[in-house]
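Please take these sequences and the hints and turn them into a complete structure.
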Amino acid sequence: MNESHPLLTVADLKKHFFIKKGFRETQVLKAVDGVSFQLNPGEALGFVGESGCGKTTLGRTVLRLYEPTAGVIFFDGKDVCHLPREGLRKIRARMQIIFQDPYSSLNPRMTVGAMLNQILYAHGVNEGAERARRCGDAMEKVGLEQAHLKRFPHEFSGGQRQRIAIARALILYPALIVADEPSSALDMSIQAQILNLMRSLQKEMNIAYMFITHNLSAARFLCDRIAVMYLGKVVEVASRTQLFDNPCHPYTKALLPLCPVPDPDSRVEQVPLKGEVPSPVNPPSGCAFHPRCPDVMDVCSTKAPELLTLEPGHDVACHLYGKT
Amino acid sequence: MIFQEPSTSMNPSFTIGSQMEEAIRFHQGGGTSEVKEKALAMLRAVKIPDPARILSQYPHELSGGMLQRVMIAMALACEPDLLICDEPTTALDVSTQAQIIDLLNDLRREKKTSFLFITHDLGVLSWVCTYAAVMYGGNIVEYSDIRRLVRSPKHPYTQALMGATPRLDCDRDALDSIPGSVPNLIHPPTGCKFHPRCDRAQSICEKETPPLQEKEQGHWAACFFEINAEAACGA
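In order, the protein sequence lines correspond to chains A and B.
For the first sequence, the tail end lands on 324 under my numbering, and the numbers increase by one without skipping.
For the second sequence, the tail end lands on 235 under my numbering, and the numbers increase by one without skipping.
Incorrect hints may appear among the rest.
Stated by the list, open to error - Below, computed lysine-lysine pairings styled on DSS-like, alpha-carbon distance capped at 30 angstroms:
1) A:Lys30 <-> A:Lys303
2) B:Lys36 <-> B:Lys112
3) A:Lys253 <-> A:Lys303
4) A:Lys253 <-> B:Lys38
5) B:Lys38 <-> A:Lys274
6) A:Lys90 <-> A:Lys21
7) B:Lys47 <-> B:Lys111
8) B:Lys47 <-> A:Lys274
9) A:Lys274 <-> B:Lys111
10) A:Lys20 <-> A:Lys141
11) A:Lys78 <-> A:Lys30
12) A:Lys21 <-> A:Lys203
13) B:Lys47 <-> B:Lys112
14) A:Lys274 <-> B:Lys207
15) A:Lys274 <-> B:Lys112
16) A:Lys20 <-> A:Lys253
17) A:Lys203 <-> A:Lys141
18) A:Lys253 <-> A:Lys90
As the list claims (entries may be wrong) - If you want the ones that stay clear, here's a sample from chain A, every Cβ over 10 angstroms from chain B, calculated:
19) Phe17
20) Lys21
21) Gln27
22) Arg60
23) Thr69
24) Gly77
25) Gly87
26) Asn126
27) Leu144
28) Leu172
29) Gln191
30) Leu201
31) Arg220
32) Phe244
33) Leu255
34) Cys259
What the hints assert, rightly or not - The following label-pair restraints were derived from C-beta to C-beta distances:
35) B:Asn139 <-> A:Ser104: 40 to 48 angstroms
36) A:Cys81 <-> B:Asn184: 46 to 54 angstroms
37) A:Phe18 <-> B:Gln57: 23 to 31 angstroms
38) A:Phe18 <-> B:Val182: 44 to 52 angstroms
39) B:Gly138 <-> A:Phe152: 22 to 30 angstroms
40) B:Met135 <-> A:Phe152: 41 to 49 angstroms
If you are wondering where the hints come from, they were derived from the structure by calculation, not from laboratory data.
Model, not experiment: these values are computed from the prediction.
Even for Gly, the Cβ is constructed at its ideal location relative to N, Cα and C.
And the structure:
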């Protein structure tokens, strides 16, 4: 992989939502608060965390479906944040998204073929024969048949719908797909099919994924690198092996043993993580994790830790690994 | 009974207290203060911090994990011998899920309540249950204690399910997916309902329904064939 030319570079990205409360008061919800990362072509980077940690907002902001509050996004050498409309449209052909719920992300009144054709038409593929060829091609890639193009979304099962959503994302030959919990609304056996499909497409077409999930097991299966998020910040980024063999941030350490493994002897008796994720409207001072952290120190409540590199490819934001 | 989604199974226009007290009054009777005392005690039993305040709050003011605790408290208020939990943790985050699992396990030990636990998550299942039955197309296809079920499943469907689960404890190159999808139960397949998706299917599977047989002491499976595969981790 070419380290010098990452496909996507995100630096200090922030997305704040302003909530009106009462007459004059406005509260700031810092959904994404200073996230930086790089993604190489063909790489799968997983974002994991509990609900409300800003994973989905991050994915959408990267595609500029939400206007970022601050920070820069470079995709393929272009500054996504300051592209004019037409430029943005061109670049979006190469960055696509798969949504969480395949039941609500497909238009129920359009056939699959019409849906796919519309995308091609919007992106300037004007020749009918070429459009038909690419539709058939995309359907084949996701394991559906040409005949399915004439059907409506309600005629498909959840797994097939998610395949259609993937076909829709693939049809413009993107370099990046943001996959927002693509398998969490599906049954176990179907989830396996979708994850396998995403993995083979990644190899075949050299697609980079931003894989957003709360399912650590699925992230372990699909991703090369994994970023753990907590309250809008990335607290640890590492390669898959580094993260699972040597988790460093106390949050990651606490989170890993909580994921149920089908083995009755693997259960932890005492849950180390008490309480719930605090509200991003009023995040705790200093390190956002300090009220729940087992290794909390004095400095944690006053100063937010920076992301430090522990070893190549393994960054962690915690005072435990400070300059002492 | 504990339902799948705590946020939709409470009435949003009554306080937690009035909903809990209604259930207690209906089943056990008692004066106002007595019922209230009981509701408080139940909330304490499920380890809710500051139970007195929770009683006067509405469901929307609580998080999913808290609501699920309230649901459990309500279900336990009448001291049932059997508690049916329908995917009680599916809508929750992993950390909350682990807390609820812990709570259910404590209750089982302390109050000797029996649980009928309905879930699709083999991981949660093996952390909560002593025995497990695997269902497919309306029938139980395998029944055993949980240890043997996940370590050496005897039905091809259970094996396929285990193979399709992404695991945290090992790396996998590919998940074994089960081809096709769950059969339509209005026109179920003949014979063994799993045969169209089974890689061991033979002609007999198409014609006859396999009975649930005791393959080993206490380990039942509905399959014509003897299957002895260790569900080993890929790593």
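Here is what the structure says about each hint:
no.	hint	verdict
1	A:Lys30 <-> A:Lys303	17 angstroms, holds
2	B:Lys36 <-> B:Lys112	24 angstroms, holds
3	A:Lys253 <-> A:Lys303	21 angstroms, holds
4	A:Lys253 <-> B:Lys38	38 angstroms, violated
5	B:Lys38 <-> A:Lys274	26 angstroms, holds
6	A:Lys90 <-> A:Lys21	39 angstroms, violated
7	B:Lys47 <-> B:Lys111	15 angstroms, holds
8	B:Lys47 <-> A:Lys274	11 angstroms, holds
9	A:Lys274 <-> B:Lys111	23 angstroms, holds
10	A:Lys20 <-> A:Lys141	46 angstroms, violated
11	A:Lys78 <-> A:Lys30	26 angstroms, holds
12	A:Lys21 <-> A:Lys203	48 angstroms, violated
13	B:Lys47 <-> B:Lys112	18 angstroms, holds
14	A:Lys274 <-> B:Lys207	54 angstroms, violated
15	A:Lys274 <-> B:Lys112	25 angstroms, holds
16	A:Lys20 <-> A:Lys253	37 angstroms, violated
17	A:Lys203 <-> A:Lys141	12 angstroms, holds
18	A:Lys253 <-> A:Lys90	42 angstroms, violated
19	Phe17	19 angstroms, holds
20	Lys21	15 angstroms, holds
21	Gln27	17 angstroms, holds
22	Arg60	20 angstroms, holds
23	Thr69	26 angstroms, holds
24	Gly77	33 angstroms, holds
25	Gly87	38 angstroms, holds
26	Asn126	37 angstroms, holds
27	Leu144	13 angstroms, holds
28	Leu172	27 angstroms, holds
29	Gln191	7 angstroms, violated
30	Leu201	13 angstroms, holds
31	Arg220	6 angstroms, violated
32	Phe244	7 angstroms, violated
33	Leu255	7 angstroms, violated
34	Cys259	5 angstroms, violated
35	B:Asn139 <-> A:Ser104: 40 to 48 angstroms	33 angstroms, violated
36	A:Cys81 <-> B:Asn184: 46 to 54 angstroms	49 angstroms, holds
37	A:Phe18 <-> B:Gln57: 23 to 31 angstroms	26 angstroms, holds
38	A:Phe18 <-> B:Val182: 44 to 52 angstroms	45 angstroms, holds
39	B:Gly138 <-> A:Phe152: 22 to 30 angstroms	29 angstroms, holds
40	B:Met135 <-> A:Phe152: 41 to 49 angstroms	31 angstroms, violated
Figure legend: structure checked against the earlier numbered hints; hints not met, in rising order: 4, 6, 10, 12, 14, 16, 18, 29, 31, 32, 33, 34, 35, 40.
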